[in-house]
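This is what each chain is made of:
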Amino acid sequence: MPTIKINAEKCKGCELCIKACPKQCISFSSQFNKAGYHWAVLEKEEACIGCGFCYLVCPDVCIEVYK
Amino acid sequence: MKILMKGNIALCEGAVAAGIDAYFGYPITPQNEVPAYFSKKMVELNKVFVQAESEIAAANMVLGAAATGKRTMTSTSSPGMSLKQEAISYMAALQLPALIVNVQRGGPGLGNISGSQADYFQAVKGGGHGDYRLIVLAPNSAQEMYEFAYDSFDLAEKYRIPVLILTDGMIGQMMEPVELNKTPKKDFIEKDWALTACKGREPRSIKSLLMRDGVLEKHNINLQEKYKLISQNEVQYETYNTDNAEIIVIAYGISSRIAKSAVKLARQEGIKAGLLRPKTLWPFPSEIIKSLAKDGTKLLVAELSHGQMVEDVRLAVNGKVPVEFIGKAGGGVLSEQDLLNKIKNLK
Amino acid sequence: MQKILSKPESLKDSVMSYCPGCGHGIIHRLVAECIDELNLREKTIAVAPVGCAVFAYDYFNFDVTEAPHGRPPAVATGIKRTNPDKFVFTYQGDGDIAAIGMAETIHAANRGENITTIFVNNANYGMTGGQMAPTTLIGQKTETSPFGRDPKRDGYPIHLCELLSSLEGTAYLERVSIYNPQNIIKAKKAIKKAFQCQIDGKGFSLVEIISNCPVDWGMTPLESIKWTEETFLKEFSLGVIKDKTNV
Chain A
23 MPTIKINAEK CKGCELCIKA CPKQCISFSS QFNKAGYHWA VLEKEEACIG CGFCYLVCPD
83 VCIEVYK
Chain B
-7 MKILMKGNIA LCEGAVAAGI DAYFGYPITP QNEVPAYFSK KMVELNKVFV QAESEIAAAN
53 MVLGAAATGK RTMTSTSSPG MSLKQEAISY MAALQLPALI VNVQRGGPGL GNISGSQADY
113 FQAVKGGGHG DYRLIVLAPN SAQEMYEFAY DSFDLAEKYR IPVLILTDGM IGQMMEPVEL
173 NKTPKKDFIE KDWALTACKG REPRSIKSLL MRDGVLEKHN INLQEKYKLI SQNEVQYETY
233 NTDNAEIIVI AYGISSRIAK SAVKLARQEG IKAGLLRPKT LWPFPSEIIK SLAKDGTKLL
293 VAELSHGQMV EDVRLAVNGK VPVEFIGKAG GGVLSEQDLL NKIKNLK
Chain C
1138 MQKILSKPES LKDSVMSYCP GCGHGIIHRL VAECIDELNL REKTIAVAPV GCAVFAYDYF
1198 NFDVTEAPHG RPPAVATGIK RTNPDKFVFT YQGDGDIAAI GMAETIHAAN RGENITTIFV
1258 NNANYGMTGG QMAPTTLIGQ KTETSPFGRD PKRDGYPIHL CELLSSLEGT AYLERVSIYN
1318 PQNIIKAKKA IKKAFQCQID GKGFSLVEII SNCPVDWGMT PLESIKWTEE TFLKEFSLGV
1378 IKDKTNV
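Chains as they are written, first to last, in the working numbering: chain A, 23 to 89; chain B, -7 to 339; chain C, 1138 to 1384.
Because the hints were derived from the structure by calculation, they are not lab data. Where a beta carbon is used, it is the ideal one built from N, C-alpha and C, also for glycine. Don't take each hint at face value.
[Unchecked claim] Computed from the model, here is a short list of chain B residues facing chain C with C-beta under 8 Å:
| hint | residue |
| --- | --- |
| 1 | Thr60 |
| 2 | Pro195 |
| 3 | Val313 |
[As the list claims (entries may be wrong)] List of simulated lysine to any residue pairs, SDA-like, C-alpha gap at most 25 Å:
| hint | chain 1 | residue 1 | chain 2 | residue 2 |
| --- | --- | --- | --- | --- |
| 4 | C | Lys1140 | A | Phe50 |
| 5 | B | Lys199 | C | Pro1145 |
| 6 | B | Lys183 | B | Ser197 |
| 7 | B | Lys191 | C | Asp1222 |
When you get a sec, could you build the whole thing from the sequences and use the hints?
Spelled out as structure tokens, the structure:
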């Protein structure tokens, strides 16, 4: 099953991946990371198709895509 | 065998013998022989010559080539030197070795194209922004243009510092016999700081933006320690008849030649005159000047300016003996007679 | 299950100092991916600008030097001429490349220096807090054009690719953007083509990337990519401006 891993500490919560995801499976965490951001999390794991759009738009290079 | 050539050409010959890889320049009188020479020579040697779009660009091309560890230089004259200060400050901060040549002309502003020594402050006090020094060499003959250019690259690399040859339009333009007696340098040792691309090693960066707490302060302390070391090791000067002298003329470059003639004339008239000629303007030969400043001695500084090096001489003697000054700016050289009269007046 | 997308080798594993949503991070990654894919990492010497990307040497995993503001094309000239076997690129912003460094840019391009320039156009001076840049749009409010850029006082936005296209020395000029995944893929292709142009010794190549600056534009990251698409690109149309790579 395709999936992504998001590095919570490098994420700055810019929301670009949330917007780019064609399956709307990424959302904000309710907690803050050390830098004070709500980081992005893969909320709907089963919906991820591994398209890599989130990786493409991520300015902080904190997403890895597995397929 | 001696060959008759201009000082500017002798300088080029010295740089070639030192193994220069790249020359970057821009036209300005009275140094135009230098880019013209390299535009031909570098093609013959299969090395790099670029006529840049500006003095600023030429100096920054030198910065780029120097960052990769290559032997590189640029040359200019006074107004162009003002423009090069940006890159020179960066090179001082980045600790990049390179040769910069200022064939001084009359200033301020566009001035004129005759020889001058009015860029002394700019040369020895930093010139650009920040707290830094250059090694400043002051040749007084075509032969020394050759020799100083030859030695400057080793000196620059030894301390990772830009070296400035501060000469003037007269030394640059006059023709003299020169003995091209230096062994051409080649096979240089690899520099462990140079950007050569990271094959088989960790990436390197060359930078001067040091924002973290205390890092810039430490960098400045390191630079000052380096400058102290240079001050201890690299002072060069020449003395002439100073042993029993009561009046010692201090002059560099073109002025030192006139001063030497005036000292000879003074001796013929029974005046105990001598000459001290700094060959390095930074580091400045303060110690020898201090030791020459004995009771009863008078110092006379001669410059083609209205008094710049004289301030460093006064600092060196610290009020112990009188320091007189003779100079002119923007109107050619002092005459032997001007100097002789001044010496006589001091007697 | 295999990892199919992750940080390229040519990027260090550092946290970049850019603001949330800033396009620089994406562009850094695209550059690094192209360097990796063309196997250039161990041959590269890059030149960082003065601007937000001043710390590029902390992010790229290859040799990088600093350059004074606007001088990267001259510094890169010095590097490439003395090291023709190395891969040399500059990374510059709009103020660096088209204001204080315009002379260096034009002349490096005109000499046909075999280098590549990555030009990040975000319509303002980001690092200093959002002042008017040579590419600021007419009417755009910045720190130094508080009533909007007025061409009578401030002149017009400079279209650098078009300006450079008349110079014989330029081989490849393309303008791309990164406001969505499709355009990011196109931007990467352009960067790769520009790099290949240098590898093939064709001369000066430049990719202008229309990017965003959410914080200095006073927008959220999502608002900034919307503004890029709907307003910024009205002034700067995308596409290949010049391609001599097949000549």
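Tested hints:
1. Thr60: holds, 5 Å
2. Pro195: It holds, given that the least Cβ distance between Pro195 of chain B and chain C is near 5 Å, below 8 Å.
3. Val313: violated, 44 Å
4. C:Lys1140 <-> A:Phe50: Within the cut-off at roughly 23 Å; holds.
5. B:Lys199 <-> C:Pro1145: With Cα atoms ~24 Å apart, Lys199 of chain B and Pro1145 of chain C stay inside 25 Å; holds.
6. B:Lys183 <-> B:Ser197: holds, 14 Å
7. B:Lys191 <-> C:Asp1222: holds, 13 Å
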